[in-house]
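Using the sequences and the hints given, assemble the complete structure.
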Amino acid sequence: MSVQTYAELSNGLVYSTMVVLVLALLAFSAELASGSRGRVGRSVAAPARELVGAAAAAGAGAAPAPPAVRSVSDHRADRFGRVGLSLTVLAALLLLGAGTFRGLAAGRAPWGNMYEFSVISALALTVGYLVLVRRLPRLRPLGVFVVGAALLVLGLAVTVLYVDAGPLVPALQSFWLVIHVAAAIVSGAVFTLGGVATALFLVQERGERLGRAGRLSRLLPTAEQLDRAAYRMFAFVFPLWTFAIVSGAIWAEHAWSRYWGWDPKETWALITWIVFAGYLHARATAGWRGRGVAVIALIGLSTFVFNYFGVNLWFSGLHSYGGLPTR
Amino acid sequence: MTVRDEGLETTTLQAPAEPTRPVGLGLVGWLRWTWRQLTSMRTALLLLFLLAVVAVPGSLLPQRSTAPADVRAWIDAHPRAGPLLDRLSAFEVYTSPWFSAVYLLLFVSLVGCVVPRSVQHARALRARPPAAPRVLARLPVHRSYRTAAPPAAVLDAALSAVRAARFRAEPGSGSVAAEKGYLRETGNLVFHLALVGLLVGVGLGALYGTRGDVLVVEGDGFANTVTRYDTFSAGPLADPARIPPFSFTMTDFRAAYQRGGQQDGAPRSFEADLLVRESPEAAARPVRIAVNHPLEVAGTGTYLVGHGYAVRVTVRDGGGRVVLSGAVPFLPRDGRFTSDGVIKVPDARPAQLGFQGILLPTASVDPVLGPVSTFPAPDAPGLFLSVWKGDLGLDTGKAQSVYRLDTSRMERVDLRALAPGDTWSLPQGLGSITFDGVAEWAGFKVRRDPGQGLALGSVVAAIAALMLSLFVPRRRVWVRATPDGPGRTLVEVGGLARTETGGLDAEADALLARIQAAAPPFDTQPGERQRTEPSEEPA
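Protein chains in written order, with my numbering: chain A, 1 to 327; chain B, 328 to 866.
Hint data in this document are derived by calculation from the structure and do not stem from the laboratory. Even glycine gets a Cβ: it sits at the ideal position worked out from N, Cα and C. Be careful, since some hints might not be right.
[Stated by the list, open to error] Partial selection, computed: residues in chain A whose CB lies under 8 Å from chain B:
{"hint": "1", "residue": "TYR6"}
{"hint": "2", "residue": "ASP164"}
{"hint": "3", "residue": "ALA277"}
[What the hints assert, rightly or not] Computed far set for chain A versus chain B, every beta-carbon distance over 12 Å:
{"hint": "4", "residue": "LEU9"}
{"hint": "5", "residue": "MET18"}
{"hint": "6", "residue": "VAL22"}
{"hint": "7", "residue": "LEU23"}
{"hint": "8", "residue": "PHE145"}
{"hint": "9", "residue": "ALA149"}
{"hint": "10", "residue": "VAL158"}
{"hint": "11", "residue": "ARG209"}
{"hint": "12", "residue": "ARG218"}
{"hint": "13", "residue": "ARG291"}
The following block contains the structure:
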């Protein structure tokens, strides 16, 4: 197959992924809509030991489950949830193919511009979600938000950020691109997953505080579970993000002569790092819980998102690697 | 300041023996009070978030260290806000007093927090795990069973089981106490100390480092002395007279560009061939450098960071004498390398000559924009020159840019477009200029940073230590064996996680299995095996 064929195949796979993700979004939405009478994911409760373990580790009692009433709608909701999960697996496989063929077309790692970064980010997001659900099956209802975020990223990629597959400018031709950007992509996916869990935590916490458990909130994991899951994700991603910054600094030394130069991208990466350092200190060391810490995490996530879109597109800096024909 | 301090004071000073107001404490009291404030977690968090906030303006406003021309333009464009912000160091945010104050206070707070904790941790490392609590069943994780083995045998088995699971264990009377995960706190402390190492490394680089920029035309050379640089700056403690005396000649420079397609004209590779001498006496060795592949000589890095074109010209004056022959660098103004430059000919007679020029590597004339280059490679070079006569102003003693013509005492004579090989006979018997062709020049950054190794070592240590401090679970386990009637022993295992890392249940089960291998339970099914943790799921 020719390079051109690879590139077209990759683009086709990205569009197919978007179709599959729309279907997954519908399935997850149907899960939430039809499971309104019971708790979602009861049938996946058996392998939920990790959550129990996490609860034990935190030394806190988990919220008592409501009386087990397995209704017809529970079964239907669960089936929709499973369909959503299967479609997400399919989407991840399609994106893997899209990335692979894009890499073959360009003859390099497929994350050299914003379009490719976005496609691989969607892949990391879906795979990250699948890993998360495997470890913490209770979190399956997050799927609707994760799939929504992946769709948004892919939508921006194909409409605003698209560039043809091709080689890179000399500054990006480095072994460190593969390492630094891969670390940033995985970090971004986990930041996003943690952010989704944190945002839902705020919703659940409010419902529990006011004693108003809405229809939706009965389907989602409890505030306690969401808070713990978010913390574990942020604790996992913090060293990875540190590594992303450090590998970027090493690369910057090779390419631009200095390892740190307060380029807007570097500055905002450090700001994200500082905010999450604050989150970990508040959450783990000072033992703060609740809304305050959640807000810190969401601020941290927004600095990351701003660093990606805002700094790349609006700021002039050395990281203007969007590769877009018009600046 | 006082208002805020007093507000904090009432909430953070908890020791009742301390006076509630720091006034009248004397110097020592004041210092202690300040130190406590500074090293409290609340202050550390405040400083951390403050650091994130004060880092923002430097990304929004142009900074002198990276874009001095943008700073001048910004101040000119904002005559009211510009000078005011300048006085507030808004264009040198990262070296400003307020930014420095925040991060220095943060590091003082960090040291003040880490040092006492290190002492505490050193003590904990030598201490024994705490004895078993009276009621193990109250612990978050609890298992129990009955066996025929005597208590002493059970405890022996328990001791070897916890040690096999890498616990630090302490046999007590009737029980075994075990703890593991000390590496977590070690990692935490090493991480914070490594950040101090990073700060020292950055500081060393700023104090003792040197950096400079130099532009070298193909065929020319560079020797590492201060006078040879176009711009040079050194840290306050660096000795510019003693920088390593290496030198090189650039024999060739090659650039390749994308031809056709969406990214037509995008650069694809830059390479420079150098002949390098480590010292004036050393033999020259050929080195090829490129973007991302710098030259390393004598602790100094030479980085290829830019390139452009120089025009090769020969200028004869009114008397037919060759007064200039060589390559004059022009500076690119866009991605297609439309380049601007000037040629100064002070030795020309009857009048000094100055040329303002635009070089187009691939020349074309746009009806709106005028002469522009359509491709960055020198496919069809064109040189647009205007010639000025008069006084170049070089004898006034004022420093002049080589890229700008001071036309205040000059008079424009004529303009002309030239292709390579063309000779332009200047009017009024001023002489002639021949456009011999174009040469490429490369821009190098030469940098020496003695703190770089320490900074790198520190961050590597920091990441490793960070992972320990986040992922190593710290947990305590106790095993108690109590006689429970004749020939029966009640075995209890209790576990307490001191961190939010999961897996304590699995650990307790594994320990239980090992103990049961040595002291088997009465029945094959452990009758009273239980979890005190309320299960999240209905059974």
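Hints, one by one, checked against the model:
no.	hint	in the structure
1	TYR6	violated (15 Å)
2	ASP164	holds (5 Å)
3	ALA277	holds (6 Å)
4	LEU9	holds (18 Å)
5	MET18	holds (22 Å)
6	VAL22	holds (28 Å)
7	LEU23	holds (30 Å)
8	PHE145	holds (22 Å)
9	ALA149	holds (24 Å)
10	VAL158	holds (15 Å)
11	ARG209	holds (20 Å)
12	ARG218	holds (15 Å)
13	ARG291	holds (16 Å)
The structure fails hint 1 only (numbered hints given earlier).
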